[in-house]
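Residues per chain, in single letters:
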Amino acid sequence: VGGRTTYGPHSSGGHAGMGLIVRDWDWRRYQRAVLIAPEISASVGCPDVQARDIAEPFPLVTVDTPAVEAAGLLAERRLPGLIVLDRSGRPHAILPGSQVLRFMIPGYIQDDLSLAHVLDERHADRLSEALRGKTVEQLLPARRDELPVVAADATAVEIAAVMARWRSPVVAVVGGGRLLGAVTVSRLLGLLLERPPESPA
Amino acid sequence: VTAAVVVVVFVGVYVLIATERVSRVAAALGGAAIVLAVGAVGSNDVFYSRETGIDWNVIFLLFAMMVIVSVLKQTGLFEYLAVWSAKRARGRPYRVMVMLCLITALASTVLPNVAIVLLAAPVTLLVCERLRLRPAPFLIAEALASNIGGTATLIGDPPNLIIGSRGDLSFNDFLVNLGPVVVVVLVAFLVLCRWLFRREYVYDPARVEEVMELTEREAIGDRGLLVRSLIVLFLVIAGFVAGQPLDIDPSIVALFGAGALVLTSRLETRDYLEDVEWETLVFFMGLFVLVGALTKVGVIQDLADFAADATDGRLFYASMLLLWMSAGLSAVVDNIPYVATMAPVVAELTAHAPPDTDPRVLWWALALGADLGGNATAIGASANVVVLGVAKRNGYPIGFWEFTKYGAVVAVVSLAICVPYIWLRYFVLA
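Sequence order for the protein chains is X and W.
For what it's worth, the numbering used here labels the leading residue of the first sequence as 3, then goes sequentially.
For what it's worth, the numbering used here labels the leading residue of the second sequence as 5, then goes sequentially.
One should not assume that every hint holds.
Label-pair ranges, simulated between beta-carbon atoms [claimed, not checked]:
#1 W:282 <-> X:80: 42 to 48 Å
#2 W:270 <-> X:107: 34 to 40 Å
#3 W:235 <-> X:88: 56 to 62 Å
#4 W:420 <-> X:107: 42 to 48 Å
#5 X:128 <-> W:23: 41 to 47 Å
#6 X:90 <-> W:99: 51 to 57 Å
#7 W:12 <-> X:88: 51 to 57 Å
#8 W:396 <-> X:127: 25 to 31 Å
#9 W:285 <-> X:144: 46 to 52 Å
#10 W:393 <-> X:131: 23 to 29 Å
Derived list of chain W stretches under chain X, where covered just means 3 residues or more per stretch with a C-beta under 8 Å from a C-beta of chain X [claimed, not checked]:
#11 127-133
#12 207-220
#13 387-398
Hints are computed from structural coordinates only; laboratory data are not their basis.
Think of the CB as a built atom: it goes at the ideal place given N, C-alpha and C, for glycine as much as any other residue.
Looking at chain X on its own, in the form it has when it is part of the complex (with noise of 0.2 Å):
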């Protein structure tokens, strides 16, 4: 994968049809916290939706991707964030918006936020000067919570777990050792909104 950005399957940016192969990756290591009663996912209205069906092709990039290069597809593309594969190719965190901007505001400002009232305009055109020369590695955070990530036959309630309790805007869908595509909260809550549950008579 190197250092560029690539495109997860049936993307139009490249790599169409291809995916990525995700060899001796076991994640399912990465969703045993998540237990979902089977109830509770029939009553969200999408039941027979499963994960595979909704997964969208997703840009990658890798932990050697320019930060500059990074946050330019995010802004670009206007995503909520970006799947980071690591040196071997395999998924290896999800790199969210607010992250690359915690990077980019400095950390006493962020201590105390009466001080970012005190900056003018050309401090703001100054932020990005922080990404410069640094990579995606350097952009996560040093403590990392586990890769938000789950199967093809997950349900919409399975996908809304995982980002609830990783506070992730979005998920990596993986079947057959395969990088199938993500699913992102936007197109998540779309789908549950699509169908409200019937009121009660």
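Starting from the known structure of chain X, fit chain W onto it as the hints suggest.
Frame of chain X, contents of chain W only:
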């Protein structure tokens, strides 16, 4: 046997606190549990005795001041003052340092040191980044200034709270006796900074414009809250000053102030409790139980007798011993447990001081030694540790020895100023 057990437990707790093998709260509570379990003290001693129990006066005063700082923090006042002062200094590094240190020291006289350095550090980093200056000297200087400023008043530094309560000393007593020497120490410290950090004042005049562009007024989010908070703070300070003639304890004044601020600020509970350091409060409680046990089994009396014999009733020698010993120990161990232990010893010494002397000099020597000695090393005072943490988190790590090489000089000079002050004021001119 009980006395031996209490001493062993006490020493064990001290070792655990000093080596940080377990949290200081766990060490103090664990020790308190053991002395209770062996029957050295009982519930009456712990909860209701003024001599051997938890000093609720100190606990509630500390709690109230933490609530007050939680509300004041929301106003943006400190950020306003810091940016304003950096602009008044026209970005000249030494002037900026002096202004920031003066604000920090002044604020530390009425608010907890840790809260003040936590407020000072972010705005200092902002100004230094704008001027392309290394923030470490500024952060170190602010921690030192905070410890110096906090020495001046009853509420400035936690050890002073213990000394005030155990020694029955008022806010005014502290201000009148420690205020003058703290002013001299602060001036000397600011002059010393010119030399200590002389290589750090190189700056690019072109960068000054970046500081001048900061808009300090924007730091103040809610002007109404600021006005209400300043009125209450003024009334609290007035209450501290008037408390002695009116016989109102500082803790009561502070609790009224905290309550008034909570009511007038209309903040959410989590906001006004944000800066309450529950760990510190519980740590104090555990310590008071341990020291109470030492008092109950007679160890404190033995220590006081030993100290009285060693100094042969000579008050000046006793005060010098207290000053330098307190400074030395406070440089390497937390000054709160040290003062909590020494307070009953000093109380015994003052009770049996020779007639025609002012035995309160021992309290002042203890306060000056413990507070100013904390500047000597990076771990000598909570404010130092906090500044190191903030600096590291923002990518400007300050090493133990980098802090200590400046702090030790400042501590020695500060204490050297205290020696003639004590001698002249309490012995020559008394």
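Okay, the hints, checked on the actual structure:
Checked against the hint of 42 to 48 Å, the pair residue 282 of chain W and residue 80 of chain X passes, with Cβ atoms roughly 43 Å apart. Range check, residue 270 of chain W to residue 107 of chain X: about 29 Å between beta-carbon atoms, so the 34 to 40 Å window is missed. Against the hinted window of 56 to 62 Å, the Cβ-Cβ separation of residue 235 of chain W and residue 88 of chain X comes to about 58 Å, which satisfies the hint. The hinted range of 42 to 48 Å is satisfied by residue 420 of chain W and residue 107 of chain X, whose Cβ atoms lie roughly 44 Å apart.
At about 45 Å, the CB distance of residue 128 of chain X to residue 23 of chain W agrees with the hint of 41 to 47 Å. About 55 Å separates the C-beta atoms of residue 90 of chain X and residue 99 of chain W, a value consistent with the hinted range of 51 to 57 Å. Between residue 12 of chain W and residue 88 of chain X the C-beta distance comes to about 53 Å, which sits within the given range of 51 to 57 Å. At about 28 Å, the beta-carbon gap between residue 396 of chain W and residue 127 of chain X stays in the expected band of 25 to 31 Å.
Against the hinted window of 46 to 52 Å, the Cβ-Cβ separation of residue 285 of chain W and residue 144 of chain X comes to about 31 Å, which falls outside the hint. One distance hint, 23 to 29 Å for the beta-carbon pair residue 393 of chain W and residue 131 of chain X, holds here, with the actual separation near 26 Å. Under a criterion of three residues with beta carbons nearer than 8 Å to beta carbons of chain X, the stated coverage of the stretch 127-133 of chain W is upheld, 4 such residues being counted. Check on the stretch 207-220 of chain W: 4 of its residues sit with their Cβ under 8 Å from a Cβ of chain X, so the three-residue criterion for coverage holds.
With a cut-off of 8 Å between beta carbons, the stretch 387-398 of chain W has 3 residues touching chain X; three or more are needed, and the interface restraint holds.
Violated hints, listed in ascending order, are 2, 9; each of the other numbered hints is respected by the structure.
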